[in-house]
Amino acid sequence: AQTVTQSQPEMSVQEAETVTLSCTYDTSESNYYLFWYKQPPSRQMILVIRQEAYKQQNATENRFSVNFQKAAKSFSLKISDSQLGDTAMYFCAFILTISNFGNEKLTFGTGTRLTIIP
Amino acid sequence: NAGVTQTPKFRVLKTGQSMTLLCAQDMNHEYMYWYRQDPGMGLRLIHYSVGEGTTAKGEVPDGYNVSRLKKQNFLLGLESAAPSQTSVYFCASTPEGLGYEQYFGPGTRLTVT
Numbered sequence: 075a076q077t078v079t080q081s082q083p084e085m086s087v088q089e090a091e092t093v094t095l096s097c098t099y100d101t102s103e104s105n106y107y108l109f110w111y112k113q114p115p116s117r118q119m120i121l122v123i124r125q126e127a128y129k130q131q132n133a134t135e136n137r138f139s140v141n142f143q144k145a146a147k148s149f150s151l152k153i154s155d156s157q158l159g160d161t162a163m164y165f166c167a168f169i170l171t172i173s174n175f176g177n178e179k180l181t182f183g184t185g186t187r188l189t190i191i192p
Numbered sequence: 173n174a175g176v177t178q179t180p181k182f183r184v185l186k187t188g189q190s191m192t193l194l195c196a197q198d199m200n201h202e203y204m205y206w207y208r209q210d211p212g213m214g215l216r217l218i219h220y221s222v223g224e225g226t227t228a229k230g231e232v233p234d235g236y237n238v239s240r241l242k243k244q245n246f247l248l249g250l251e252s253a254a255p256s257q258t259s260v261y262f263c264a265s266t267p268e269g270l271g272y273e274q275y276f277g278p279g280t281r282l283t284v285t
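These protein sequences, in sequence, are chains A and B. All the letters of the first sequence, read from the start, carry residue numbers 75 to 192 under our numbering. All the letters of the second sequence, read from the start, carry residue numbers 173 to 285 under our numbering.
If you're looking for bench data, these hints aren't it; they were derived computationally from the structure. Every residue gets a Cβ at the ideal spot worked out from N, C-alpha and C, and that includes glycine. Among the hints, a few may not be true.
As the list claims (entries may be wrong) - Example chain B residues on the side facing chain A (calculated, C-beta under 10 Å, incomplete):
1. Gly212
2. Thr266
3. Gly279
Said to hold, decoys possible - Computed far set for chain B versus chain A, every beta-carbon distance over 12 Å:
4. Leu185
5. Gly188
6. Met191
7. Leu194
8. Met199
9. Gln209
10. Asp234
11. Leu241
12. Lys242
13. Gln244
14. Asn245
15. Pro278
The shape of chain A in the complex, shown without the other chains (with noise of 0.2 Å):
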């Protein structure tokens, strides 16, 4: 069965500084995906970013990057130049790429609270 941990259950940053949120995961497949999702206090998911494990290279979205480091099975988002906006919880998540029926479902982390100080 996959894990994803997360050890942060909160953290706080100055606004404009940069932060970054650890994930690490277990499992024994080489092919999967993972994701990070934030929820607002609106209670509502959104997808920050998401990365393929085949791919070296690391996601970017806007503010939002990963360091994906597969060997050592470790996703952790940076947040940069942060917003009062960004003030969320914050979900990584994993799932296997190769379709068996069971393997179809997301795994995620239990969240770290995220907030942003003006």
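Let chain A serve as the given structure and place chain B on it in line with the hints.
Just chain B now, with coordinates in the frame of chain A:
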């Protein structure tokens, strides 16, 4: 385009009562999921479906049943509600295949007293 909708948004039940949560998506997605979210535990998968007429158990299926009679709808039933089922419930959908973004509904806050 409504995306994923959930009905109701809030509900309070007494122990032993039953109810059905409705999830509807208008994106023609094959896969649909029900999660529950509890403080400090992230999202845990209850049941999911990979197509009309199919359902499968997730991580925490006990006390819940589901049905996917129509492709666009995924129903989650609680036959006899218990206080341990107090939670926020999320529905999600994704196109067929793996690695696609899951689109989430706005959630249903359920309290069982």
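Status of the hints after comparison with the structure:
no., hint, in the structure
1, Gly212, "holds (6 Å)"
2, Thr266, "holds (9 Å)"
3, Gly279, "holds (5 Å)"
4, Leu185, "holds (20 Å)"
5, Gly188, "holds (28 Å)"
6, Met191, "holds (20 Å)"
7, Leu194, "holds (18 Å)"
8, Met199, "holds (14 Å)"
9, Gln209, "violated (9 Å)"
10, Asp234, "holds (17 Å)"
11, Leu241, "holds (20 Å)"
12, Lys242, "holds (19 Å)"
13, Gln244, "holds (18 Å)"
14, Asn245, "holds (19 Å)"
15, Pro278, "violated (6 Å)"
Comparing the model with each earlier hint shows violations of hints 9 and 15; every other hint is respected.
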